[in-house]
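Listed here are the chains, written in short residue letters.
Number of protein chains: 2
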Amino acid sequence: MTARSRSAPESPVGADEDELLPRGQRKQRTRDALIDAALQLMNEGRSFNSLGLREITRVAGVVPTSFYRHFKDTNELGLVLVEESGLTLRRMLREARRAGAPVKDMIRRSVQVYKAFVLSNRLHFLFVAGERSGGSPVIRSAIRNEVDQFIDEMTSDLRHLAIFPKLSPESLRMVCELVVNTMLHAATDILDLPPGDQALAKLQEDNHVHQVRLIFLGAQLWRDEAN
Amino acid sequence: MTARSRSAPESPVGADEDELLPRGQRKQRTRDALIDAALQLMNEGRSFNSLGLREITRVAGVVPTSFYRHFKDTNELGLVLVEESGLTLRRMLREARRAGAPVKDMIRRSVQVYKAFVLSNRLHFLFVAGERSGGSPVIRSAIRNEVDQFIDEMTSDLRHLAIFPKLSPESLRMVCELVVNTMLHAATDILDLPPGDQALAKLQEDNHVHQVRLIFLGAQLWRDEAN
Numbered sequence: 000m001t002a003r004s005r006s007a008p009e010s011p012v013g014a015d016e017d018e019l020l021p022r023g024q025r026k027q028r029t030r031d032a033l034i035d036a037a038l039q040l041m042n043e044g045r046s047f048n049s050l051g052l053r054e055i056t057r058v059a060g061v062v063p064t065s066f067y068r069h070f071k072d073t074n075e076l077g078l079v080l081v082e083e084s085g086l087t088l089r090r091m092l093r094e095a096r097r098a099g100a101p102v103k104d105m106i107r108r109s110v111q112v113y114k115a116f117v118l119s120n121r122l123h124f125l126f127v128a129g130e131r132s133g134g135s136p137v138i139r140s141a142i143r144n145e146v147d148q149f150i151d152e153m154t155s156d157l158r159h160l161a162i163f164p165k166l167s168p169e170s171l172r173m174v175c176e177l178v179v180n181t182m183l184h185a186a187t188d189i190l191d192l193p194p195g196d197q198a199l200a201k202l203q204e205d206n207h208v209h210q211v212r213l214i215f216l217g218a219q220l221w222r223d224e225a226n
Numbered sequence: 000m001t002a003r004s005r006s007a008p009e010s011p012v013g014a015d016e017d018e019l020l021p022r023g024q025r026k027q028r029t030r031d032a033l034i035d036a037a038l039q040l041m042n043e044g045r046s047f048n049s050l051g052l053r054e055i056t057r058v059a060g061v062v063p064t065s066f067y068r069h070f071k072d073t074n075e076l077g078l079v080l081v082e083e084s085g086l087t088l089r090r091m092l093r094e095a096r097r098a099g100a101p102v103k104d105m106i107r108r109s110v111q112v113y114k115a116f117v118l119s120n121r122l123h124f125l126f127v128a129g130e131r132s133g134g135s136p137v138i139r140s141a142i143r144n145e146v147d148q149f150i151d152e153m154t155s156d157l158r159h160l161a162i163f164p165k166l167s168p169e170s171l172r173m174v175c176e177l178v179v180n181t182m183l184h185a186a187t188d189i190l191d192l193p194p195g196d197q198a199l200a201k202l203q204e205d206n207h208v209h210q211v212r213l214i215f216l217g218a219q220l221w222r223d224e225a226n
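Quick mapping for you: the protein sequence lines, in order, are chains F and A. Residue numbers for the first sequence follow numbering that gives the first Met the number 0, beginning at 0 and rising by one. Residue numbers for the second sequence follow numbering that gives the first Met the number 0, beginning at 0 and rising by one.
Hints are computed from structural coordinates only; laboratory data are not their basis. Glycine residues also receive a C-beta, built at the ideal position from the N, C-alpha and C atoms. Careful, some of the hints might be misleading.
[Stated by the list, open to error] Only part of the chain F face toward chain A is listed, based on derived beta-carbon distances under 7 angstroms: (1) 177; (2) 213; (3) 221.
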C-alpha cells in the first residue's frame, strides 16, 4: 500500500461520518490518518525522532489513547512508513526487469517506473531520504534493511537474466548496490524539480538513465582479480 | 575550518574565562559555540528547520541577543554549517587528485581521505546527509550548490589529468556526479560502522573503492553517440 491510496492527511477522521463505515474500514482509516499525520508533521520540517504521540493523534483528529490500538509506539509507526515506501515499488521494479526487453530499455523503463512512484509518494520518499541518516537508529536500520532488499532482489533478477555472466556474486551485488544507491539519491533531485518543466525533467531522466548505463558498462568490464 | 578545530559543544563559553581572551577570539568562540549548539541539537534528533534561536543560544550558554552579532538568522548559521562541511574536504580531495599517482592509487587515496574527514566531522556530515532532503529549501539548495562545487572541481581535475580523453565535458561531469553522489551516500554507512571493527572497516573501504573503480571503468568505455 502507498500513501496515495489513503485519505489525504488534511481530512481527519470525522466521528459522525465514521460511524457509517464497517468496523474494519473505520480502523483502517484511523490507522491511515495517524500515518498521514506523521508524514504531514515531517513535511513541515520536523524530524521523525522529535514527533510525539499526542501531536500525531491531534493532527490525525483522534484521541491519544486510540494510537495504541494501531501501533505499539511511534517507532512502530515509523517502521510501517519504511515498509510502505518499499513494498509496492519493489514489485513494480521487478515487473520492469522481467526478461524480454533489451537491457537499455529495461534501464529506461525502471528509471521511469521509479520516477513516477517517487513523485506520487513524495512524503514517503522525503521521510526515507531524511531518516536514512536521521536521529532514530531503529528507523535508520529499518531503512538500511529495506534498501538491502532492493539490492538483493535486483541482484537475483540480474543473475537470472544472465546480463553479467562473468561477475562473481559479490561483484554483482556491488553493482546493484551502486545502482540502488544512485537511484535513492536521485529521489531528492526528482522531488526538487520545478513541476511542469518538461525539458528539465527529460534532461534529468536521461541523466539518471545514463548513470545506470555507465555503471552497467563498467560491470561488463569488471574483473575481480584485476581489482 | 572544521568542527574538530572548535571547542566541544559541551563546553559553553564561560563569561569569566572569556574575559581573559582578546575581543576577536572571544567573538570567534561565541560563534563556534552557537554552531556547535545547533549541531548538538540536531544530533539529538532535531531537524534544522525546527531549531529556534533561543534554544541554540541556551545550549551555547550565551544570551539570545548575542546571536545577531554573529548570524542574521538561523538560516545563515545553517549556510555556514554547509560551507564548513565542504571547504576543507574539497581542498584535501584536490590534493589527493594531484597528478603523479596511478588512477587506482588516486581513487584509494581519495576514499581514505574522505573517510577520515567524515569520521572526524561526524555531526557536520549527519547534518548534510539529513538536510540534503530536509525541510529547509534554503539549506537544501545550499547543500546542492556545495555538492555541485565538488563535482565541478573533480571534473576539472580529471580533465587536466586527461584520464578520460574521449569523454565529452557533459559526460565527464556525469561521471563525476556519479562518484560524488556515491561517496556522499557512503558517509552514512561510514558513520554507522561499529567503531573498532577493523575487518568490517576494511571491507567497507574496499567496497567504496571498487564502486568508484567500476564507475571509472564504465567511463573509459562510454560513448555519447552510443547512449
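Right, here's what the structure says about each hint:
no.: 1; hint: 177; in the structure: holds (5 angstroms)
no.: 2; hint: 213; in the structure: holds (4 angstroms)
no.: 3; hint: 221; in the structure: holds (6 angstroms)
Of the numbered hints stated above, none is contradicted by the structure.
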